[in-house]
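Protein chains: 2
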Amino acid sequence: MTSTTIRATTREELDGIVQAAAEAAPIWRASTATQRAAWLRAAADALDSAIDELVEIAERETRLGPVRLRGEVGRTTGQLRLFAAVVEEGSYLELTIDDADPSSTPPRPELRRLLVGVGPVAVFSASNFPFAFSVAGGDTASALAAGNPVIVKAHSGHPELSRRTAEIVASALESAGAPAGSLALVEGRDAGNALVQHPVVQAAGFTGSLGGGRALFDLANGRPDPIPFYGELGSVNPVVVTPAAAAARGGELAKGLVASFTLGVGQFCTKPGVVFVPRGAGFEELVAADAGSAVGGPLLTDRITAAFPEGIDRLLDDASVEIVAGTPSAAGTDAAQPVVLSTDAAAVVARPHVLLEECFGPVTLLVRYDGPDDLARALEAVPGSLTATLHSEPGDDVAEVLEILQRKAGRVLFAGWPTGVAVTWSQHHGGPWPATTSLHTSVGATAIRRFLRPLVFQDAPESLLPASLRDAALARLPHRRNGVLTTP
Amino acid sequence: MTSTTIRATTREELDGIVQAAAEAAPIWRASTATQRAAWLRAAADALDSAIDELVEIAERETRLGPVRLRGEVGRTTGQLRLFAAVVEEGSYLELTIDDADPSSTPPRPELRRLLVGVGPVAVFSASNFPFAFSVAGGDTASALAAGNPVIVKAHSGHPELSRRTAEIVASALESAGAPAGSLALVEGRDAGNALVQHPVVQAAGFTGSLGGGRALFDLANGRPDPIPFYGELGSVNPVVVTPAAAAARGGELAKGLVASFTLGVGQFCTKPGVVFVPRGAGFEELVAADAGSAVGGPLLTDRITAAFPEGIDRLLDDASVEIVAGTPSAAGTDAAQPVVLSTDAAAVVARPHVLLEECFGPVTLLVRYDGPDDLARALEAVPGSLTATLHSEPGDDVAEVLEILQRKAGRVLFAGWPTGVAVTWSQHHGGPWPATTSLHTSVGATAIRRFLRPLVFQDAPESLLPASLRDAALARLPHRRNGVLTTP
Chain A
0 MTSTTIRATT REELDGIVQA AAEAAPIWRA STATQRAAWL RAAADALDSA IDELVEIAER
60 ETRLGPVRLR GEVGRTTGQL RLFAAVVEEG SYLELTIDDA DPSSTPPRPE LRRLLVGVGP
120 VAVFSASNFP FAFSVAGGDT ASALAAGNPV IVKAHSGHPE LSRRTAEIVA SALESAGAPA
180 GSLALVEGRD AGNALVQHPV VQAAGFTGSL GGGRALFDLA NGRPDPIPFY GELGSVNPVV
240 VTPAAAAARG GELAKGLVAS FTLGVGQFCT KPGVVFVPRG AGFEELVAAD AGSAVGGPLL
300 TDRITAAFPE GIDRLLDDAS VEIVAGTPSA AGTDAAQPVV LSTDAAAVVA RPHVLLEECF
360 GPVTLLVRYD GPDDLARALE AVPGSLTATL HSEPGDDVAE VLEILQRKAG RVLFAGWPTG
420 VAVTWSQHHG GPWPATTSLH TSVGATAIRR FLRPLVFQDA PESLLPASLR DAALARLPHR
480 RNGVLTTP
Chain B
0 MTSTTIRATT REELDGIVQA AAEAAPIWRA STATQRAAWL RAAADALDSA IDELVEIAER
60 ETRLGPVRLR GEVGRTTGQL RLFAAVVEEG SYLELTIDDA DPSSTPPRPE LRRLLVGVGP
120 VAVFSASNFP FAFSVAGGDT ASALAAGNPV IVKAHSGHPE LSRRTAEIVA SALESAGAPA
180 GSLALVEGRD AGNALVQHPV VQAAGFTGSL GGGRALFDLA NGRPDPIPFY GELGSVNPVV
240 VTPAAAAARG GELAKGLVAS FTLGVGQFCT KPGVVFVPRG AGFEELVAAD AGSAVGGPLL
300 TDRITAAFPE GIDRLLDDAS VEIVAGTPSA AGTDAAQPVV LSTDAAAVVA RPHVLLEECF
360 GPVTLLVRYD GPDDLARALE AVPGSLTATL HSEPGDDVAE VLEILQRKAG RVLFAGWPTG
420 VAVTWSQHHG GPWPATTSLH TSVGATAIRR FLRPLVFQDA PESLLPASLR DAALARLPHR
480 RNGVLTTP
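Which chain is which? The protein sequence lines are A and B, in order. Residue 310 in numbering that gives the first Met the number 0 sits at position 311 of the first sequence, with consecutive numbering throughout. Residue 181 in numbering that gives the first Met the number 0 sits at position 182 of the second sequence, with consecutive numbering throughout.
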């Protein structure tokens with residue numbers, strides 16, 4: 000399918016790359032906000048300038064099409080620029096000062112706290128976002144913004160794009176004054192496994208499958224000195240439609256659902272994969288009507304192309320599952336066609352491991368429920384997810400449903416559909432396992448927190464303090480002093 | 000040594016305790032700041048009222064003496080009250096709102112983000128702080144403040160105190176209106192292991208040994224659904240004395256060191272365990288003179304009492320190690336006497352796993368160095384620590400030393416000694432592995448972050464938002480809106 004193949008990084012090459020990152024790390028940690036913001040913007044500008052070349056390579060390697068890919072470059076460079084603004088704004092440093100108090104028992108020293116970069120970060124890029132969750136994606140942007148060099152493990156689905164992106168970003172960073180070793184690329188599974196276990200690497204970010212992510216998570220935690228592993232692994236993104244919502248706007252909801260689960264050929268991590276619908280409300284028929292005209296397309300890689308019909312077959316093997324719309328593609332077919340399946344809430348409760356596993360590609364499972372208790376029991380069986388969506392009407396009593404959905408997901412939607420993840424200050428893209436492995440987000444301004452650690456200076460002479468902890472800097476940075484939060 | 004023994008919690012008892020916590024969890028999560036602050040203060044008041052009874056039990060079980068123990072009760076209740084203030088202040092919620100922007104591409108929904116409790120938390124209490132790092136200690140206080148019920152695994156060193164403290168706190172919480180199941184106790188290693196693996200438990204806090212902590216860390220990460228495990232495992236707390244500092248104030252520094260490494264009979268996690276001293280500056284002799292009159296005492300448990308002379312023997316087995324002061328206690332001796340040992344920087348570089356392991360009790364190791372390069376090489380061999388202390392004079396070039404110490408520790412001191420950890424907004428009690436397992440602190444206001452997870456509401460009707468995300472609450476709480484941080 001792709002015209003390029005990976006060039007497996009050798010152990011010697013990896014050691015050299017990691018050593019260069021180790022040497023760059025103190026320079027990144029000590030860099031000023033102005034420097035770091037300029038470096039991030041230089042990377043964004045260089046990618047924007049190379050958009051035609053990059054999109055051409057990405058089209059060839061991912062078949063996602065030029066419109067989507069150009070939009071994704073914009074998302075990626077916008078993300079780098081958002082993190083430049085986050086660094087300049089300064090709240091991310093969590094500057095906190097407690098002045099000395101000789102009168103307290105025991106006498107209290109002066110303490111000045113800030114967050115600093117953890118050190119070299121490994122980033123494992125994703126198949127489904129060749130720009131925004133890959134070499135220069137959110138993990139890389141937030142790790143650099145936090146003041147860390149980054150080593151990216153290229154995704155095997157787009158090796159040439161990974162190389163070219165890394166060249167452009169590394170060169171832009173160096174031209175802007177960042178040290179050599181700021182961003183590098185490794186290729187091949189062995190190199191990835193070695194990377195997450197390398198003593199110099201201090202944290203890892205990952206977006207991909209539950210199996211691959213769990214294996215790397217176990218390697219990171221199995222080290223003699225475990226490191227944090229921030230993985231986004233899998234999510235079924237439950238949707239609940241109440242009887243009142245189905246009655247009031249069933250047609251509109253059916254259209255929205257079909258558009259969302261087929262967007263990007265169903266390859267978004269926020270794809271609505273399981274939809275709880277009131278039995279007998281006619282909602283399945285509305286979805287069937289819309290899905291008939293929905294457009295499929297080629298999937299990202301040979302592996303995903305092969306896995307899609309297998310996933311549908313696994314669901315159809317369950318006696319409760321029926322086809323609502325679409326014809327499952329035969330194995331070997333190149334373009335995946337949208338498929339809607341259905342089952343009952345009782346089946347989901349009985350066999351969650353069969354029916355509630357993420358299935359990549361344009362398929363969704365409608366789950367019929369018979370009332371509030373039936374719905375609540377089925378929702379309890381849903382694994383941790385990035386999102387949960389509730390379509391209800393003002394008169395509905397949704398307290399119990401909402402209590403469960405808040406426990407199951409990191410983002411709860413009350414209108415619209417979960418695909419489309421705005422990159423903003425407030426975004427949260429994370430959720431209970433297996434959605435993510437941590438209590439932090441991989442999208443939005445606070446993603447930076449994953450790659451920072453607290454550092455406190457006790458009774459330090461001002462000349463030995465980092466610049467942002469000195470009184471002159473505090474005058475222009477948000478900080479807390481003796482318990483009181485102050486904005487400049 | 001202790002008059003009481005543990006009463007191992009059975010699996011059935013554990014299931015009941017955990018189920019009660021699961022039922023309490025949504026009530027804690029939904030509780031208002033006013034309620035939660037009142038619950039924390041009620042627990043503090045009840046402990047203060049019972050101080051005489053509690054200190055009497057603690058003296059019997061830990062032999063730490065009434066002065067230290069009364070002080071520790073004050074630290075514990077002060078900590079509960081600090082977290083009540085943290086909850087009322089509201090910054091910990093990280094309220095972040097991005098208003099909808101229909102004009103952006105794609106149109107941006109309204110997003111409202113806050114942090115909420117993760118759910119039931121397991122707390123493993125420590126031997127060396129029977130109050131401040133035990134049943135009602137920092138992990139419990141911060142987990143409750145975050146809005147979570149807590150299940151504590153009692154330390155086998157003080158079971159009766161654990162039971163009585165749990166009774167007092169549980170009863171105070173319930174009297175103040177908190178739900179049943181808010182705080183419970185389990186006993187025995189099997190119950191502890193089962194607790195950290197129980198599906199209902201969502202996070203764990205631990206203070207103790209590297210071996211015990213690593214075993215629980217592995218259980219937490221080995222779950223089908225791993226949970227965050229926040230452990231404080233071990234720290235040698237390096238101290239560096241420059242030649243100029245030894246010359247200018249060697250006597251004062253020697254006194255300070257002896258007072259610090261013998262404080263609490265050397266059983267603090269911030270004990271200065273390894274001190275880098277300039278060769279031939281006469282500092283060892285000054286320490287020897289002071290250590291001669293230093294007072295030892297009984298250690299906390301039979302196990303620690305047995306391990307202390309073993310640890311010293313292990314160090315003395317290394318050909319480079321000499322006794323500077325003190326006479327190692329024979330095995331079986333009940334009162335540990337202070338011991339100062341010495342070695343060379345080259346030995347530390349060659350055998351860090353022998354010479355740089357934490358040894359609980361009143362012992363410290365002086366490491367002679369021959370100049371900046373010798374010192375830097377030896378410091379690179381030091382494992383991650385809670386603290387690092389630099390005693391230098393204004394003329395010293397300490398850039399390289401400081402660069403290494405900042406990488407090795409979470410708190411860097413420039414005066415005084417690392418024992419004594421102020422409970423404040425800015426405190427950081429954590430460091431690279433094996434000091435702690437995470438990028439968060441276990442002491443100070445931000446310890447609460449360990450037990451919170453982000454939750455975002457997209458396009459929610461105001462009536463379905465949590466109270467603190469509604470516009471009325473934002474008027475009186477710190478929050479960020481459209482990127483701008485606002486304080487009330």
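If you are wondering where the hints come from, they were derived from the structure by calculation, not from laboratory data. One or more of the hints may lead you astray.
Note: identical chains are not told apart, hence a pair may lie in one copy or across any two.
[To be verified] With a Cα cut of at most 20 Å, we get these calculated SDA-like pairs of lysine to any residue:
1. Lys254 to Asp458
2. Lys254 to Thr485
3. Lys254 to Arg222
4. Lys254 to Gln196
5. Lys254 to Arg278
6. Lys254 to Pro108
7. Lys254 to Gly187
8. Lys254 to Gly291
9. Lys254 to Thr326
10. Lys254 to Glu55
11. Lys254 to Gly279
My question is about Lys254 and Gln196: at a cut-off of 20 Å on alpha-carbon distance, are they close within one copy, between copies, both, or neither? Classified as neither: same-chain Cα gap 46 Å, cross-chain 43 Å, threshold 20 Å.
Checking an output row: Lys254 and Glu55, CA cutoff 20 Å. Within, between, both or neither? Neither: 32 Å inside a chain and 70 Å across chains, both beyond 20 Å.
Quick one: Lys254 to Arg278, C-alpha cut-off 20 Å, is that within a copy, between copies, both, or neither? Answer is within: at 19 Å inside a copy they meet the 20 Å cutoff, but 79 Å across does not.
At most 20 Å between CA atoms: does that hold for Lys254 and Arg222 within a copy, between copies, both, or neither? neither (48 Å within a copy, 39 Å between copies)
Have a look at Lys254 and Pro108 and pick one of within, between, both or neither, based on CA distance no larger than 20 Å. between (63 Å within a copy, 19 Å between copies)
Checking Lys254 and Thr485: alpha-carbon separation at most 20 Å within a copy, between copies, both or neither? neither (48 Å within a copy, 40 Å between copies)
Between copies, within a copy, both or neither: which fits Lys254 and Gly291 at Cα up to 20 Å? This pair counts as within: shortest intra-copy Cα distance 11 Å, inter-copy 83 Å.
Intra/inter-copy verdict for Lys254 and Thr326 if alpha-carbon distance must be at most 20 Å: Within one copy only: 19 Å inside a chain, 82 Å across chains, cut-off 20 Å.
One pair to classify: Lys254 and Asp458, alpha carbons no more than 20 Å apart. Within, between, both, or neither? Close across copies (19 Å), not inside one copy (63 Å); limit 20 Å.
What label fits Lys254 with Gly279 when the C-alpha limit is 20 Å: within, between, both, or neither? For Lys254 and Gly279, only the intra-copy Cα distance (18 Å) is at most 20 Å; the inter-copy one is 82 Å.
State whether the alpha carbon distance between Lys254 and Gly187 is at most 20 Å within one copy, between copies, both, or neither. neither (41 Å within a copy, 56 Å between copies)
Violated hints for the displayed structure, listed by number in ascending order: 2, 3, 4, 7 and 10.
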